[in-house]
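**Q** Chain B: place on chain A using the hints.
Chains as they are written, first to last, in this note's numbering: chain A, 1 to 409; chain B, 1 to 409.
Hints in this document: simulated from the structure, not taken from any laboratory. Each hint should be verified, as a subset may be incorrect.
Heads up, the list lumps identical chains together, so a pair's fine if it works in one copy or across two of them.
[As the list claims (entries may be wrong)] Quick list of in silico lysine-lysine cross-link-like pairs, BS3-like style, CA-CA up to 27 Å:
#1 K238 / K407
#2 K287 / K84
#3 K136 / K105
#4 K181 / K233
#5 K136 / K39
#6 K66 / K312
#7 K293 / K84
#8 K293 / K85
#9 K238 / K84
#10 K333 / K84
#11 K181 / K84
#12 K287 / K183
#13 K407 / K384
#14 K84 / K235
#15 K407 / K181
#16 K181 / K85
Bear in mind the structure is a predicted one, so any value in this text is a computation, not a measurement.
Protein chains: 2
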Amino acid sequence: MALLVGNAIVGQSGGPTSAINATLSGVIKGAHHSGAIKKLYGMQNGIEGFLNEEILDLTYLFGDEKSLSILETTPASALGSCRKKLPPCVDDSEIYNRISEIFKKYDIRYFFYIGGNDSMDTVKKLDEYFRDNEYKIRIVGVPKTIDNDLVLTDHTPGFGSAAKFIATTIKEIACDCAVYKLKAVTIVEMMGRDAGWLTAASGLPEYYTGFGADLIYLPEIFFDDDRFIEDVKAKLEKQPNVVVAVSEGVRYENGRYVGEGSQSGAVDAFGHKYLAGTAKNLEHLVKAKIGCKVRSVELNLPQRCSAHSHSKTDIDESVMIGAEAINQAVLGKSGVMVAFQRNEGEYGVSITCVPASQVANKVRLVPKEFINSEGNGITEECIKYLSPLILGERALVYENGMPVHLKLR
Amino acid sequence: MALLVGNAIVGQSGGPTSAINATLSGVIKGAHHSGAIKKLYGMQNGIEGFLNEEILDLTYLFGDEKSLSILETTPASALGSCRKKLPPCVDDSEIYNRISEIFKKYDIRYFFYIGGNDSMDTVKKLDEYFRDNEYKIRIVGVPKTIDNDLVLTDHTPGFGSAAKFIATTIKEIACDCAVYKLKAVTIVEMMGRDAGWLTAASGLPEYYTGFGADLIYLPEIFFDDDRFIEDVKAKLEKQPNVVVAVSEGVRYENGRYVGEGSQSGAVDAFGHKYLAGTAKNLEHLVKAKIGCKVRSVELNLPQRCSAHSHSKTDIDESVMIGAEAINQAVLGKSGVMVAFQRNEGEYGVSITCVPASQVANKVRLVPKEFINSEGNGITEECIKYLSPLILGERALVYENGMPVHLKLR
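Chain A extracted, bound-state conformation (with noise of 0.2 Å):
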């Protein structure tokens, strides 16, 4: 295949990760030892920014060690993010005239969309499109989302550094609830709305080091309020202190989510509905059954930008993914996702290509394998998929106190 010379463009969609700028670096690293990419540009707040022409010129990042270091460990989407999908070609002709366009005007020859499967959608109908175009432009998508629910791709870049943050952090909070002698209950809420890979990451401290989250509920397991407290009660008569965790896509068998609660009813000062949250509900339903003390915490925001207590494992792999989609793209391949595929033996990962129509709006559940048959916890065979996913530190630099970020101009 004829090497395709010309320009590239990049941009970030759907939740930020703690290393998705890892990504970014990656695809700067790539694209500047490509042979093939002469400037890359990066799109502002993604496929939105794209069609407004929001572009910035990332070439003067192409060398700079320094600065891409310290990306590599900045939250959050660097470029801006958007959740805008494209509409089917043939339902909005006008939108692909306008990409075709701003394609030609900068000479892009190679897009590269970091996202979920989303993202996903968008790199498949692009493909489509300029598959058999006049104009040769090739494009990648490259997998981030801390939820780990992508399909054909081993984990996803984000998850490792999400799954790391939250495994110390439980095993932070079951120290500190280990710290009185009064019965007590802790409930704690992880992000995963369909898929409970965050919250099976709570299991990490407890086998290794026999401090962490008691028990653990996914949303893969229809949730039961009778028999919650029942696992509550059971572990309160060996210890007096159990730490739960919960995923917030915990449903009822009658599809209702936990986080709604189990009646309805309960409304705000304004009169609106409360969505008070999985754990705050939970939290209720102990006071009223069992009585004891009881406290929520919801991890919320910072599972997903905590990049200070990010994985190097996870960053090391992100850079490495970003770098391997600038190569495939230049090898001829596009309308596909670069996918980490594991190796047999001592861990370590290979770069695949898989379709992005594959992908796209799909979603990857904790197998049934890696939850115990009483659905209240996690088995042996995910601790051992999930262990050298969170292993490694780097160095940050600090100032003020305060680890520094990049801000892209």
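**A** Frame of chain A; chain B shown alone:
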């Protein structure tokens, strides 16, 4: 004064912090090198465990630098904690007789209590009881609280690490919130029922990096819903994303906590009053009055147990004040709390002794000159006070991707 030779005991009381075990390590190091203390005991769960003779011999840690180094960044009270306050001696002499008995049985001549203002009440009462007793013992308090609200000390051990966690997390959350162009408000709630020190620390990242909390509300200033909404609206006119830091303890002029809601009446599915929390209630207020995207984050327990994000200054000072408590006791001090006095000029602290009776049950608020005239931010004087307390990071020992903690035996 004659050298008092015998054994010592140390206890931890009140809410845990990320540095309370650094102080314990300092006490162990000080005892080891005191020339007066033969054995160092630890009481489990503070004075409560002491009364049940739940006592560990910590002498095995003398000179074990490796374990002590890990202890120094182990979060939460390694000895366990309690919330018990001693009754006045006149009300219950039996309890004092029991204490006396245990002191004699173990030949305890030094008593160190690491805690907040309630613990200083214990130090004061014990000192008063034993001051003229024929059994010679010295009672010394060592400060600890993330709330930084003890009087007669420049700051408290534990505060710097909590403040650093808050500054780092607010900076990361501000990065996260900046990725979308949509108008959005993020309200972050910090601990601090009476004093706003922790919430004030959220002002550090904005000052140093331009990325942080845009509005800050402390409990020292009465909260006003209308003024708050005006503040947020004014910020939203200038920027798409607004980050608000608010203390859990903010109150309306009528004395009602914002966390209780501006009106009462919200009940959960069990008919109990909903204490949704300060940030959650403000989230509902913004939704009702402004209508833009809004979310709330309660930083919760990780503020006091995220030892992975400690301040080296705080950890080092906490060790130092623990060791100095021993020195002062050996020199003859009793009924005192060791305290930090900030040096003039370049940052540094000296350690002084202050009467425990003057610290007991008192609260130090954030002074007026640290709060801006609008009551929605902090002043440069406050920044100057806070800045040195969050400086520095120790390299931590990790195993299986998680920080290693010490468990006492």
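**Q** All hints are to be evaluated individually against the structure, with a verdict given for each.
**A** Hints, one by one, checked against the model:
1. With identical chains, the CA atoms of K238 and K407 are at most 27 Å apart between copies only, with a shortest distance of 20 Å across copies and 51 Å within one.
2. In this assembly of identical chains, K287 and K84 lie within 27 Å of each other by CA distance solely across copies; the values are 23 Å between and 42 Å within a copy.
3. For the identical chains of this complex, K136 and K105 are intra-copy neighbours only, at 13 Å inside a copy versus 88 Å across copies, given an alpha-carbon limit of 27 Å.
4. Proximity of K181 and K233 under a CA criterion of 27 Å is satisfied intra-copy only: 16 Å inside one chain copy versus 47 Å between copies.
5. Taking the shortest Cα distances, K136 and K39 sit within 27 Å of each other inside one copy (17 Å), while across copies they are farther apart (79 Å).
6. In this homomeric assembly, K66 and K312 come within 27 Å of each other (Cα to Cα) both inside a single copy, at 17 Å, and across copies, at 25 Å.
7. Proximity of K293 to K84 under the C-alpha cut-off of 27 Å is restricted to the inter-copy arrangement: shortest distance 16 Å between copies versus 44 Å within a copy.
8. In this assembly of identical chains, the alpha carbons of K293 and K85 lie at most 27 Å apart only when taken from different copies (20 Å versus 46 Å within one copy).
9. Taking the shortest alpha-carbon separations for K238 and K84, only the inter-copy value of 24 Å comes in at or below 27 Å, while the best intra-copy value is 50 Å.
10. Taking the shortest alpha-carbon separations for K333 and K84, only the intra-copy value of 24 Å comes in at or below 27 Å, while the best inter-copy value is 68 Å.
11. Taking the shortest alpha-carbon separations for K181 and K84, only the inter-copy value of 12 Å comes in at or below 27 Å, while the best intra-copy value is 51 Å.
12. In this assembly of identical chains, K287 and K183 lie within 27 Å of each other by CA distance solely inside one copy; the values are 12 Å within and 37 Å between copies.
13. Taking the shortest alpha-carbon separations for K407 and K384, only the inter-copy value of 25 Å comes in at or below 27 Å, while the best intra-copy value is 37 Å.
14. Within a single copy, K84 and K235 get their C-alpha atoms only as close as 46 Å, which misses the 27 Å cut-off; across copies the closest is 26 Å, which meets it.
15. For the homomeric pair K407 and K181, the shortest alpha-carbon distance between copies (16 Å) is at most 27 Å, but the shortest distance inside one copy (47 Å) is not.
16. For the identical chains of this complex, K181 and K85 are inter-copy neighbours only, at 16 Å across copies versus 52 Å inside a copy, given an alpha-carbon limit of 27 Å.
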